[in-house]
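**Student:** Assemble chain B with the ligands onto chain A, guided by the hints.
Protein chains: 2
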Amino acid sequence: AFTPLLAAPTLEDVRSTALNSDEIAYDIVEGLTTEIGPRQGGTEAEARARAWSVAKLKSLGFDNVRIEEYQMPTWVRGEETAEIVAPFTQKLAVTALGNSGSTGDKGLEAEIVYFPTLEDLRSAPDGSLKGKIAFVSHSMMRTQDGSSYGAFGPARFVGPNIAAKKGAAAIVIRSAGTDYHRNPHTGNTNFDAGVTPIPAGALSIPDAENLERMLKRGKPVVMKLKLTPKNVGMHVSGNVLAEVKGSNPQLPIIVIACHLDSWDLGTGAIDDAAGCGIIAAAAKHLKTLGQPKRTVRLLWAGAEEVGIWGGKDYGSKHAAEPHALAMESDFGAGKVWAVDFTLPESASEQKAKIIAALAPLGVVPRKTPASGGADIGAIIAAQKLGIIDLQQDGTKYFDLHHTPDDTLDKIDKAEMRQNVAAWVSTLAIVANYEGQLKP
Amino acid sequence: AFTPLLAAPTLEDVRSTALNSDEIAYDIVEGLTTEIGPRQGGTEAEARARAWSVAKLKSLGFDNVRIEEYQMPTWVRGEETAEIVAPFTQKLAVTALGNSGSTGDKGLEAEIVYFPTLEDLRSAPDGSLKGKIAFVSHSMMRTQDGSSYGAFGPARFVGPNIAAKKGAAAIVIRSAGTDYHRNPHTGNTNFDAGVTPIPAGALSIPDAENLERMLKRGKPVVMKLKLTPKNVGMHVSGNVLAEVKGSNPQLPIIVIACHLDSWDLGTGAIDDAAGCGIIAAAAKHLKTLGQPKRTVRLLWAGAEEVGIWGGKDYGSKHAAEPHALAMESDFGAGKVWAVDFTLPESASEQKAKIIAALAPLGVVPRKTPASGGADIGAIIAAQKLGIIDLQQDGTKYFDLHHTPDDTLDKIDKAEMRQNVAAWVSTLAIVANYEGQLKP
Ligand SMILES: [Zn+2]
Ligand SMILES: [Zn+2]
Ligand SMILES: [Zn+2]
Ligand SMILES: [Zn+2]
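Just so you know, the sequences run in chain order A and B. Using our numbering, the letters of the first sequence correspond one by one to residues 817 to 1255. Using our numbering, the letters of the second sequence correspond one by one to residues 817 to 1255.
Just chain A, with the same shape it has in the complex (with noise of 0.2 angstroms):
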């Protein structure tokens, strides 16, 4: 009997499986958002997310696969109900941002000030909104690279900080999404030290164009707010951490990252278990190509949302193990279009190569440096790590973010099938370099 010799896979043969057939990554958040649902940090249900996805890691013949618990404060939503009493009667779709103050549970009701931007609600003068809500909107654009988050995303950043400031009763925001549905988007806000969390609501677009409607009509509108969060103290959260070991355990190790916990409004689908299934799903094709030489660790981090409780208890107990190169997948599932690098001069030619790989994807180098993302941020900070971003398209990202609509059904899975092709392609030309990885 005849018995041919099987070439060893190649890098293309990997990532044309990824491409056209994986399957690991959308069992992932299948399984996540089905099995656990949302998974806020610090919550019961964070922790048995951590459970499942221990279980899942050692399944997929991962090594080392463990829990790295921590403490948190933890703030858990409450009742939200918004509703104009004058001049007209109606109610509002509204969310409490993460770390709102509360209401109270009779609520309270006070005269909207109005707000088209941040900008105006900066120079209102101080002690001018005393008993006031505040409402601040803006028009955020769709935006590929996301860029639109961070010029309109600060309204939710430290719009309520300044309004607390300014002696207002409470904000509410227009939500920093793109969509228009009736589910408001949350998360965190946070409050200056000495700063008494005041109530801060993210009204729907819908909602919040209505009131604007409302305020056009020059009456003084009026509004009963209701959000009751609460500080419930410290509470367990942690990471998920799992390996493929490298063949060289002398060579700085590559992490990779997600994060597992998720906002309670929505299942978490695209923020972030896409993140998790994309990064192990790469991981677990990149063995097919045999042992690589450095160790690449998977960072399932915990608590992101609410404060990166889990990457920065990773930036702290792993500050003395060496690493090189840190990367992360926090933006959806969107096919990644383009790559940025932070990577040492001598790397040039390993550059090159990740952007030959890339190329058959249809993804574009820019001269972006890369950042890396939230959960690594901290090791990076540490150890002055190089970083790849493999950048997502995120047109579509805030229509979804942080609201009941991140759900399964939102997830292309051929879109996420190129995400885990682009992923496992990067993986196998930094895991087995042996050069300088640190810019």
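Do not rely on the hints blindly, as some may be mistaken.
Pairs involving identical chains hold if they fit within one copy or between any two copies, as the list cannot separate such chains.
Stated by the list, open to error - Derived DSS-like pairs (lysine-lysine); straight-line CA-CA distance at most 25 angstroms:
#1 K1212 x K1167
#2 K1103 x K874
#3 K1032 x K874
#4 K1040 x K1133
#5 K1035 x K874
#6 K1229 x K1032
#7 K1046 x K1035
#8 K874 x K1254
#9 K874 x K1109
#10 K922 x K1046
#11 K1200 x K1128
#12 K1229 x K1133
#13 K1046 x K907
#14 K981 x K1169
What the hints contain is simulated information worked out from the structure, not anything from laboratory work.
**Tutor:** Just chain B with the ligands now, kept in the frame of chain A:
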């Protein structure tokens, strides 16, 4: 000084004005959604909507603007939550169907029995659902003519009654809709006399599909359901009527209808402020052609959603008053794409004129007989009226129908103007035709 003799406007002029610059229809939808919002039949909000409508129709210069009140039994929504408690735990987005029974404040917890279609539920043996929650799914496709609602709507219309008769403790259905948002579709259901209403809810489509995935995993699935709607007895509702008086009071009148009430979840923009805006704008533009021969009466019907109370009241109060023709607009604000007729053979020349007047708007004549709509059903039945249906494109209608997402931003002004143009073209012909219109 020379004063040019202005030619009287033609049908073409009026059609063109409506198509290119109508503001009346949008203004009505904007006003109702902003100043009133949800306006369920029998509620105080519907009463505010009637007062608003009287003022608006008077300001537009219509004749005989008035309210005709009636009493109706009123059902109101309570709390509504659904949670899977085994083998996984996760909340699902649910809303009660109109006429649903209550679970009581403690809710009920029971195993799900899955029926992929309504036919499967019909086939379940009597008593087999004792103590269980029936879950009826289906897969409703987009259709331009709305025929999918006729095919899959029965899961809502009669599913709860069938489940109640088979002993189910409750029923949840996959919403009768075509979107993928976490906004369930409400709508009335009906129980036979002598059948005690069971709690009956609709899950959003992402939630229904999530529940199907849970069931596919093969373990018993248990839901905790809480729906606490109430029947609050008899309340006042009413129709708003207005007219363009005809020059020949001997001629039977034309009635054109929409409904003023809306479901409580959205602001009733496409269902059916749009219809009220379209018919009022068309009637207003009609007047620029001079006084029509026949009186054209606007019927802004009350309480359609919750049992067609306004349409029935109109039919009985006006049964003795001679009518010739009825038309209705209650399918959103998408373009008119087809026209159907139920007219006598003797009116075939008028029919041809209408087809010619609609052709520049892209409207297709069909052989399907016109059947009218809910609010004109009673008067048509009482007097065997002529009917013309200006069929709207419903491709996107069931993304929004009876959900919180039915808001002003969903109105395409250009498409709504095309409706106004089609309506005024049709009215200009039938309101000035003195011959028989009854088939
Ligand atoms: Zn994220
Ligand atoms: Zn996020
Ligand atoms: Zn309707
Ligand atoms: Zn309706």
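**Student:** Now tell me if each hint is right for this structure.
**Tutor:** Going down the list of hints, with the structure as the test:
In the homo-oligomer, the alpha carbons of K1212 and K1167 never lie at most 25 angstroms apart, since the shortest distance is 29 angstroms inside one protomer and 47 angstroms across protomers. In this assembly of identical chains, the alpha carbons of K1103 and K874 lie at most 25 angstroms apart only when taken from the same copy (14 angstroms versus 76 angstroms across copies). In this assembly of identical chains, K1032 and K874 lie within 25 angstroms of each other by CA distance solely across copies; the values are 23 angstroms between and 58 angstroms within a copy. With identical chains, the CA atoms of K1040 and K1133 are never at most 25 angstroms apart, being 46 angstroms at best within one copy and 42 angstroms at best between copies.
Taking CA atoms no more than 25 angstroms apart as the test, K1035 paired with K874 passes between copies only; the shortest distance there is 23 angstroms, against 62 angstroms inside one copy. With identical chains, the CA atoms of K1229 and K1032 are at most 25 angstroms apart between copies only, with a shortest distance of 20 angstroms across copies and 44 angstroms within one. Taking the shortest Cα distances, K1046 and K1035 never come within 25 angstroms of each other, neither inside one copy (34 angstroms) nor across copies (35 angstroms). Taking the shortest Cα distances, K874 and K1254 never come within 25 angstroms of each other, neither inside one copy (30 angstroms) nor across copies (75 angstroms).
Taking CA atoms no more than 25 angstroms apart as the test, K874 paired with K1109 passes inside one copy only; the shortest distance there is 21 angstroms, against 82 angstroms between copies. For the homomeric pair K922 and K1046, the shortest alpha-carbon distances inside one copy (15 angstroms) and between copies (24 angstroms) are both at most 25 angstroms. Proximity of K1200 to K1128 under the C-alpha cut-off of 25 angstroms is restricted to the intra-copy arrangement: shortest distance 15 angstroms within a copy versus 75 angstroms between copies. In the homo-oligomer, the alpha carbons of K1229 and K1133 never lie at most 25 angstroms apart, since the shortest distance is 35 angstroms inside one protomer and 58 angstroms across protomers.
In this assembly of identical chains, the alpha carbons of K1046 and K907 lie at most 25 angstroms apart whether taken from the same copy (23 angstroms) or from different copies (20 angstroms). In the homo-oligomer, the alpha carbons of K981 and K1169 never lie at most 25 angstroms apart, since the shortest distance is 52 angstroms inside one protomer and 68 angstroms across protomers.
In summary, the numbered hints that this structure violates are 1, 4, 7, 8, 12 and 14.
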